[in-house]
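2 protein chains.
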Amino acid sequence: MSFELKQEYIDDIQERLEQGAVEAVTQELCELHPADIAEVLDELTKDEALMVTEQINPELLGEVLVQMDEDLRADILDTYTGKEIAEEVVENLDSDDAADIISELDEAKKLEVLSNLEDIEQAKQIADLLTHAEDTAGALMATELVKVNHNWTVLRCVREMRRQAEEVEQVHAVYVVDDHEVLLGSLSLKKLLTTSTRTPIREVYNEKIHSVRSTTSNEEVARIMNKYDMFVVPVVDDMGRLLGRITLDDVVDVIVEEADRDYQLASGLSEDVEASDTVFELTRARLPWLLIGLLGGVVAATVIGQNETELGEIPQLAFFIPLIAAMGGNVGVQSSAIVVQALAHQSISDGTVKRLTKELSVGLLNGLICALAIYGISLGLGYGTALALTVGLALLTVIIFASLFGTFVPLALDKYKIDPALATGPFITTANDVFGLFIYFAIGKAILGF
Amino acid sequence: MSFELKQEYIDDIQERLEQGAVEAVTQELCELHPADIAEVLDELTKDEALMVTEQINPELLGEVLVQMDEDLRADILDTYTGKEIAEEVVENLDSDDAADIISELDEAKKLEVLSNLEDIEQAKQIADLLTHAEDTAGALMATELVKVNHNWTVLRCVREMRRQAEEVEQVHAVYVVDDHEVLLGSLSLKKLLTTSTRTPIREVYNEKIHSVRSTTSNEEVARIMNKYDMFVVPVVDDMGRLLGRITLDDVVDVIVEEADRDYQLASGLSEDVEASDTVFELTRARLPWLLIGLLGGVVAATVIGQNETELGEIPQLAFFIPLIAAMGGNVGVQSSAIVVQALAHQSISDGTVKRLTKELSVGLLNGLICALAIYGISLGLGYGTALALTVGLALLTVIIFASLFGTFVPLALDKYKIDPALATGPFITTANDVFGLFIYFAIGKAILGF
Numbered sequence: 264m265s266f267e268l269k270q271e272y273i274d275d276i277q278e279r280l281e282q283g284a285v286e287a288v289t290q291e292l293c294e295l296h297p298a299d300i301a302e303v304l305d306e307l308t309k310d311e312a313l314m315v316t317e318q319i320n321p322e323l324l325g326e327v328l329v330q331m332d333e334d335l336r337a338d339i340l341d342t343y344t345g346k347e348i349a350e351e352v353v354e355n356l357d358s359d360d361a362a363d364i365i366s367e368l369d370e371a372k373k374l375e376v377l378s379n380l381e382d383i384e385q386a387k388q389i390a391d392l393l394t395h396a397e398d399t400a401g402a403l404m405a406t407e408l409v410k411v412n413h414n415w416t417v418l419r420c421v422r423e424m425r426r427q428a429e430e431v432e433q434v435h436a437v438y439v440v441d442d443h444e445v446l447l448g449s450l451s452l453k454k455l456l457t458t459s460t461r462t463p464i465r466e467v468y469n470e471k472i473h474s475v476r477s478t479t480s481n482e483e484v485a486r487i488m489n490k491y492d493m494f495v496v497p498v499v500d501d502m503g504r505l506l507g508r509i510t511l512d513d514v515v516d517v518i519v520e521e522a523d524r525d526y527q528l529a530s531g532l533s534e535d536v537e538a539s540d541t542v543f544e545l546t547r548a549r550l551p552w553l554l555i556g557l558l559g560g561v562v563a564a565t566v567i568g569q570n571e572t573e574l575g576e577i578p579q580l581a582f583f584i585p586l587i588a589a590m591g592g593n594v595g596v597q598s599s600a601i602v603v604q605a606l607a608h609q610s611i612s613d614g615t616v617k618r619l620t621k622e623l624s625v626g627l628l629n630g631l632i633c634a635l636a637i638y639g640i641s642l643g644l645g646y647g648t649a650l651a652l653t654v655g656l657a658l659l660t661v662i663i664f665a666s667l668f669g670t671f672v673p674l675a676l677d678k679y680k681i682d683p684a685l686a687t688g689p690f691i692t693t694a695n696d697v698f699g700l701f702i703y704f705a706i707g708k709a710i711l712g713f
Numbered sequence: 264m265s266f267e268l269k270q271e272y273i274d275d276i277q278e279r280l281e282q283g284a285v286e287a288v289t290q291e292l293c294e295l296h297p298a299d300i301a302e303v304l305d306e307l308t309k310d311e312a313l314m315v316t317e318q319i320n321p322e323l324l325g326e327v328l329v330q331m332d333e334d335l336r337a338d339i340l341d342t343y344t345g346k347e348i349a350e351e352v353v354e355n356l357d358s359d360d361a362a363d364i365i366s367e368l369d370e371a372k373k374l375e376v377l378s379n380l381e382d383i384e385q386a387k388q389i390a391d392l393l394t395h396a397e398d399t400a401g402a403l404m405a406t407e408l409v410k411v412n413h414n415w416t417v418l419r420c421v422r423e424m425r426r427q428a429e430e431v432e433q434v435h436a437v438y439v440v441d442d443h444e445v446l447l448g449s450l451s452l453k454k455l456l457t458t459s460t461r462t463p464i465r466e467v468y469n470e471k472i473h474s475v476r477s478t479t480s481n482e483e484v485a486r487i488m489n490k491y492d493m494f495v496v497p498v499v500d501d502m503g504r505l506l507g508r509i510t511l512d513d514v515v516d517v518i519v520e521e522a523d524r525d526y527q528l529a530s531g532l533s534e535d536v537e538a539s540d541t542v543f544e545l546t547r548a549r550l551p552w553l554l555i556g557l558l559g560g561v562v563a564a565t566v567i568g569q570n571e572t573e574l575g576e577i578p579q580l581a582f583f584i585p586l587i588a589a590m591g592g593n594v595g596v597q598s599s600a601i602v603v604q605a606l607a608h609q610s611i612s613d614g615t616v617k618r619l620t621k622e623l624s625v626g627l628l629n630g631l632i633c634a635l636a637i638y639g640i641s642l643g644l645g646y647g648t649a650l651a652l653t654v655g656l657a658l659l660t661v662i663i664f665a666s667l668f669g670t671f672v673p674l675a676l677d678k679y680k681i682d683p684a685l686a687t688g689p690f691i692t693t694a695n696d697v698f699g700l701f702i703y704f705a706i707g708k709a710i711l712g713f
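If you read the sequences in order, they're chains A and B.
For the first sequence, the positions run 264 to 713 when the working numbering is used.
For the second sequence, the positions run 264 to 713 when the working numbering is used.
Pulled out of the complex, with its shape left as it was, chain A reads as follows:
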């Protein structure tokens, strides 16, 4: 079973929808995996997608909505009343997916959905999930799980698991709790399969399990699950009571989103954009950094303007302006990227001083190599010793400065709980442009003797 979306298939679907074959198309789509259906719908126009979703049966619709692009999902849910969402969409979903969908609705509709859920237990669970802060384990977890009491025997345990499994889609782990619901450990299916039925659970469960608090951040959950190769992690409250569980597939989404955000920040995009977004959305995401760059350019113009007389006498000074600016930017981005990745991956971190010292060595080494290279090239191209020396010395200084600055800024941001990835974008480049020019002209003045 394999599915690969092709443009021809989308064209075909669109043509048939236009001809009114909505039912046939829907029937065909419903043979696919919900993730595939969502992928197809994402490629259609809003109206086309609505035609199809109206025909999909409720049980499937919820799964499809969960997998769909957020914007399209909002458009589709807008056409439903809160009662319809409760009865046709949410009822068939796992608690975490249900809470995700409901959290995107406005306050009035949220209440309408919750009050119209037939299963009051489900409503309570979802309402509980909605109280957790965004981007925490509590907001990420689902409440569906299989748990057994440590006083039960293996036999009773299997019987209870059978009953609970009826309600739980997929059994990831069996958790062992005490009479107060405090998490004690987990029970491996292997143990369950290979132990005598009269053995008490207390004697066979595994105490050494990792759990996370409901207030733990998403990123920390991802780090822990990745480090310990866990497929599912239990979530507990401050008393240690079992609240829910987080599965690795949900954490993969967190990891991918996190990586995308860092990448976009490093590339100068201020919001989460996709190639398929509108021209307006793409422009809005790109403009902020461009305007910062523009401002940096104006400041740079002022810095150069203050050296107008010198430039009039030695126009060659202008030749190396782009080189100095570009190299400062490149080195700065390299340095801050290394810090950002270190902060993202490592639990232990060198002190700021140690990092800056090391960066100083790297900057010195890179700077010396580049400075010697440009000194040689400039002489070779006949720019004269004084200019070659100016450019070489300025480059060395700029590279060392940019290394230190690029290392320091993300560390400082991180200290004040600001996303250090912010430092990697045009910010560092722009700042280094301006500082670089300052240094360049200062050295130029000293050597060329104005």
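Any given hint could turn out to be false.
Repeated chains share a single entry, so a pair holds when one copy, or any two copies, can fit it.
As the list claims (entries may be wrong) - Here are the simulated BS3-like cross-link-like pairs (lysine-lysine), alpha carbons at most 27 Å apart as the crow flies: (1) K269 / K680; (2) K617 / K680; (3) K678 / K621; (4) K387 / K453; (5) K453 / K410; (6) K621 / K680; (7) K454 / K309; (8) K410 / K454; (9) K309 / K346; (10) K453 / K471; (11) K309 / K621; (12) K621 / K471; (13) K373 / K309; (14) K269 / K621; (15) K617 / K309; (16) K680 / K346; (17) K373 / K269; (18) K269 / K678; (19) K269 / K490.
By construction, these hints were calculated from the structure, which means they are not laboratory data.
The hints should help you fit chain B onto chain A, whose structure is shown.
Chain B only, in chain A's frame:
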């Protein structure tokens, strides 16, 4: 159970190792999870780490080595003979981890390890795994799995599973095969728990499962597992025979590595570096892009040099050189980053023409806003209409050009099977610097009338 590595703990361990308390330290470390032990060892010097690993018992050592930094692992395995690696390390590992470790050894040692494995079946399985190409499903999979024949009854199935489970660490899924080992589907534990023991497997297994070929690329495996929220995917050969399975935790590593590589390329780092690498390694990873930037700067100097006369007459032209260069670079990186992410995430892609048309609109819109802004600012700062017009028009042209260029390059690289992320680094920035200056001086000549 929770562990957070602190610098003080490392300092303490190092002090005690120096005082000769190797056994006590090792004993203490062995209480930790293998991933935590590996994390501690990664922070020690090579000699200190060796002192500890010599004392760790074989069963644990394998797990620790798997989790450890690659460089340190190579150092440690260098001190063992092939026979020792076979008997003390590999014997206790899952086939995929064993194959990973062995694949890092030189050819002679590889053979020595395989020929010294006591369990000939394990040796065969590992040798099979080693034949698969790097970065494919075959190289990523493990052979440990539980499989049942479709002709068996549920009862026989449970009995067989019990037997197989003895050898398999963790049961992720139960696969159903025919007499020729061809994968037919999977059996959910829920079904197994809730079906009468006399039912034949044939009647209860799930046929609709996703599988991947052994030749499928790592990235495609990650995409499929992420899309369909799978915890484990079976791997088959071209005949459809079940070869092994890949679990989501291994795929998470693929996703993280992939994201890191893209990020590093975008930041101008040419190899996989970490903040903890040596000054020499860090310099080597950074120098290639810096030298490319240097070359770009020299070309830019030549471009400006050809306009020396004009610069002598109107030195103000030099003021906006950094602005033009920086904006071209920023826009180019934004454009290529959007393409790179689209290529990484989407299975369907718009045609090149459609993408470039859209990018043209975005470039036009961004360009107009920025051009108007700089025109106004320049006038306000008293640079005169002619210069303000030159800078505004040049900026508009540069932004449009950089948008198109930044979109086109990664698409072209992708077409020729080169990693499109290569386009996002200093390459785009440098190229746009040079082209931007060309455009700037051309427009300057036209307007200022040289």
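Violating hint indices (sorted, rising): 7, 12, 16, 17
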